[in-house]
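Enquirer: One-letter residues, chain by chain:
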Amino acid sequence: MNLLFKWEWLPDLGKGLTLTVELTAACISIGAVLGFLLAVARIYTRGPLYWLASAYVQFFRGTPLLVQLFMVHFGLAGLGLRLTPLLSGIIAMGLNTAAYQAEYFRGAIQAVKRGQTLAALSLGMTRWQAILYVVLPQALRLVLPAWSNELVYMLKYTSIVYLIGLPDLTGVGRTIASRNFRFFEVYAVVALIYLALVLLVTMALRGLERRIRVPGLGTAR
Amino acid sequence: MSLSDWNTLVQGVPTLLSGLWVNVQILLGLIALGFVLGILIALVQVYSPKVPAALAVGYEWFFRGVPEMVLLLLIYFGLRQFHVPITPFIAAVIALGLRSSAYQSQIFRGAIQAVGERQMQAALSIGMTRLQAIRYVILPQALRLSIPPWSNEFSSVLKDTTLASAIGVIEVFRKARFIVGRNYALALPAFMLVALFFLVLTYLGNWLLGVLERRYRIPGFEMRGAGERF
Amino acid sequence: MALLVVEDLHKRYGREEVLRGISLELEKGETKVIIGPSGTGKSTLLRCINRLTEPDRGRIWLDGVEVTSPRTNIYRIRSQIGFVFQDFNLFTHLTALDNVALGLIRVKRVPKREARERALRELERVGLADKADAYPAQLSGGQQQRVSIARALAMDPKLILFDEPTSALDPELIGEVLEVMIELAEGGMTMLVVTHEMGFARAVADEIIFMEHGVIVEQGPPEVLFTNPRVPRTAEFLRKITEFYGKSG
Numbered sequence: 001m002n003l004l005f006k007w008e009w010l011p012d013l014g015k016g017l018t019l020t021v022e023l024t025a026a027c028i029s030i031g032a033v034l035g036f037l038l039a040v041a042r043i044y045t046r047g048p049l050y051w052l053a054s055a056y057v058q059f060f061r062g063t064p065l066l067v068q069l070f071m072v073h074f075g076l077a078g079l080g081l082r083l084t085p086l087l088s089g090i091i092a093m094g095l096n097t098a099a100y101q102a103e104y105f106r107g108a109i110q111a112v113k114r115g116q117t118l119a120a121l122s123l124g125m126t127r128w129q130a131i132l133y134v135v136l137p138q139a140l141r142l143v144l145p146a147w148s149n150e151l152v153y154m155l156k157y158t159s160i161v162y163l164i165g166l167p168d169l170t171g172v173g174r175t176i177a178s179r180n181f182r183f184f185e186v187y188a189v190v191a192l193i194y195l196a197l198v199l200l201v202t203m204a205l206r207g208l209e210r211r212i213r214v215p216g217l218g219t220a221r
Numbered sequence: 001m002s003l004s005d006w007n008t009l010v011q012g013v014p015t016l017l018s019g020l021w022v023n024v025q026i027l028l029g030l031i032a033l034g035f036v037l038g039i040l041i042a043l044v045q046v047y048s049p050k051v052p053a054a055l056a057v058g059y060e061w062f063f064r065g066v067p068e069m070v071l072l073l074l075i076y077f078g079l080r081q082f083h084v085p086i087t088p089f090i091a092a093v094i095a096l097g098l099r100s101s102a103y104q105s106q107i108f109r110g111a112i113q114a115v116g117e118r119q120m121q122a123a124l125s126i127g128m129t130r131l132q133a134i135r136y137v138i139l140p141q142a143l144r145l146s147i148p149p150w151s152n153e154f155s156s157v158l159k160d161t162t163l164a165s166a167i168g169v170i171e172v173f174r175k176a177r178f179i180v181g182r183n184y185a186l187a188l189p190a191f192m193l194v195a196l197f198f199l200v201l202t203y204l205g206n207w208l209l210g211v212l213e214r215r216y217r218i219p220g221f222e223m224r225g226a227g228e229r230f
Numbered sequence: 001m002a003l004l005v006v007e008d009l010h011k012r013y014g015r016e017e018v019l020r021g022i023s024l025e026l027e028k029g030e031t032k033v034i035i036g037p038s039g040t041g042k043s044t045l046l047r048c049i050n051r052l053t054e055p056d057r058g059r060i061w062l063d064g065v066e067v068t069s070p071r072t073n074i075y076r077i078r079s080q081i082g083f084v085f086q087d088f089n090l091f092t093h094l095t096a097l098d099n100v101a102l103g104l105i106r107v108k109r110v111p112k113r114e115a116r117e118r119a120l121r122e123l124e125r126v127g128l129a130d131k132a133d134a135y136p137a138q139l140s141g142g143q144q145q146r147v148s149i150a151r152a153l154a155m156d157p158k159l160i161l162f163d164e165p166t167s168a169l170d171p172e173l174i175g176e177v178l179e180v181m182i183e184l185a186e187g188g189m190t191m192l193v194v195t196h197e198m199g200f201a202r203a204v205a206d207e208i209i210f211m212e213h214g215v216i217v218e219q220g221p222p223e224v225l226f227t228n229p230r231v232p233r234t235a236e237f238l239r240k241i242t243e244f245y246g247k248s249g
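Residue numbers (our numbering), protein chains in the order written: chain D, 1 to 221; chain R, 1 to 230; chain E, 1 to 249.
FYI, nobody ran anything at the bench for these hints, they're computed from the structure.
We put the CB at the ideal spot given by N, CA and C, even for glycine.
It cannot be assumed that every hint is accurate.
[Unchecked claim] Covered stretches of chain D (chain R as the covering partner; in silico rule of three or more C-beta atoms under 8 Å from a C-beta of chain R):
| no. | region |
| --- | --- |
| 1 | 58-67 |
| 2 | 122-132 |
| 3 | 182-195 |
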């Protein structure tokens with residue numbers, strides 16, 4: 001079994017890696033904002049807003065991300081709304097991770113003890129002030145471990161976007177592999193690059209967790 | 001969308017369902033593989049000497065860190081490159097199963113550690129061997145504790161069976177793409193239909209696991225864990 | 001030869017020497033009580049006797065068989081030595097009855113029906129036949145400890161080791177467990193008991209062993225130790241513990 005990997009393939013893989021990272025950053029950010037709003041809707045509102053947010057979370061958590069990606073890219077195109085693959089990728093993955101992040105936020109917000117809100121209200125704060133200044137600073141710390149997992153999860157899952165034609169790390173790897181008939185070598189290198197990236201991100205987030213830890217405030221897990 | 005488009009979609013339902021059956025088969029295969037390997041890995045991590053335990057940790061770390069899509073491509077095309085006669089279906093079961101084993105081992109390891117060393121000591125004190133203690137005392141409890149986080153892993157891998165389409169398994173998503181390829185107007189409804197199938201399967205699975213959990217609940221003993229996505 | 005012989009037992013954890021040459025003997029039918037401040041190696045000693053913890057040095061015999069020999073089938077030895085834990089350690093997933101029957105079925109290979117009949121008799125013996133189908137989490141601490149004694153008894157042990165069996169119990173639940181233990185002692189069971197219950201020690205112990213810092217400071221019949229200890233440190237400890245736990249135990 002002779003193996004062959006050419007170093008000249010690395011720059012292209014590097015470009016793919018850049019796209020993977022950008023895509024992850026974009027969809028995680030969208031997901032964080034949307035997820036937070038969904039969580040707030042699910043905790044602090046009743047009626048249609050609550051039901052809408054709940055249905056959203058249920059749908060995006062209960063169906064495959066790959067199918068969601070194709071619904072956005074090809075489904076919307078069928079309705080006349082043509083998005084670039086990049087935009088479709090960001091939107092689909094952002095919508096998906098929003099549903100998961102909403103659940104993590106919700107868990108964390110609800111994990112903040114009721115007495116904390118009561119104490120804030122007793123000082124004369126409004127409900128929103130209590131949420132903003134007392135509940136959230138605690139909840140965001142509590143959510144970090146779960147949120148780190150989600151970030152790593154999305155980082156890996158962006159590998160499906162090559163199926164709608166995006167040259168991400170996996171996509172570039174696939175092109176090189178099939179052009180040179182070196183599937184094993186190229187995919188093994190791609191796998192190692194993902195591993196390194198995951199390790200890096202995990203360590204960075206652990207560091208962040210340590211830095212913002214408050215003595216006595218438990219972690220979500 | 002015209003009436004004839006709808007007609008095409010309705011006619012496609014049986015073929016989509018037959019594709020869904022393939023997903024279920026992949027699911028059963030990968031879950032079984034992941035379950036057996038996952039328990040073994042967890043037991044090695046908790047009970048074996050340092051070197052095998054470290055290897056098991058490395059195994060878990062590798063299969064948790066590599067994207068499933070890359071694993072699928074690596075195992076299917078990588079093996080084909082060396083003329084190993086592997087079908088896409090088998091490659092999918094192996095790739096997704098190995099990945100799942102890493103996640104399941106994490107679940108089982110946590111549960112075994114939650115059962116605790118004292119139960120092991122009590123079992124040893126009446127003369128059981130370590131294997132007997134694991135079989136009759138540790139695992140029956142650990143498996144019960146595993147059900148809630150395991151349900152998460154279950155819904156996760158259920159949806160991930162669609163990834164098998166990328167290496168050529170003709171499952172439900174692949175079939176939907178065939179339908180859409182012939183008629184682009186059907187893209188949204190066809191994919192939506194597939195999504196609905198998975199919603200139903202997810203609910204069905206969670207319901208079954210809920211029944212299982214209640215059936216095996218130990219009276220008076222509370223155990224519930226909120227899990228994350230795997 | 002005595003039923004249990006412990007000879008020059010040593011055990012260290014890291015830099016701390018927990019057992020520093022313990023020797024003791026226990027005749028068949030005897031009950032000996034080990035007392036001493038916490039953290040002086042009493043639990044470690046018990047765990048070494050059935051090798052739940054491996055001693056570093058020293059030898060142990062049970063009924064003429066060397067427990068510490070590498071050729072000995074330790075599982076067989078353990079099935080002959082009952083062990084009652086401070087925090088009960090009942091198998092969480094099994095009913096009281098199955099907790100008692102499990103060792104019979106899996107270790108002694110007794111047929112299931114027979115094992116369960118035997119288990120029920122042992123539960124009767126500790127006064128818990130009516131709780132046979134209850135799970136540990138549905139029982140009080142005292143009841144759990146009685147089940148765990150039944151679990152030990154079911155194996156027909158030659159010897160039962162008790163590791164502070166009442167320390168984890170609420171005061172009002174201690175009595176029911178001690179009652180069972182007194183009955184056992186009076187019925188001729190061989191028992192080695194680590195406890196702070198001085199009332200129990202006075203009532204049933206053939207001998208009291210005072211341990212501190214990994215060595216046996218003094219041992220002798222309760223009447224001697226309680227009234228006329230040889231070593232001043234023994235007197236001091238007994239005075240303190242009696243003040244703390246009360247005379248009756």
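Enquirer: None of the hints should be skipped; say for each whether it holds.
Expert: Taking the hints in turn, this is what the structure says about them:
Figure legend: the region 58-67 of chain D, annotated as covered by chain R; annotation consistent (9 residues with Cβ-Cβ distances under 8 Å, at least 3 required). Note: the region 122-132 of chain D has 0 residues with beta-carbon separation from chain R under 8 Å; the three-residue rule is not met and the coverage is violated. Evaluation of the coverage hint for the region 182-195 of chain D: fulfilled, as 9 residues show C-beta separations to chain R shorter than 8 Å, against a requirement of three.
Going through the hint list in order, the structure does not satisfy hint 2, though it satisfies all others.
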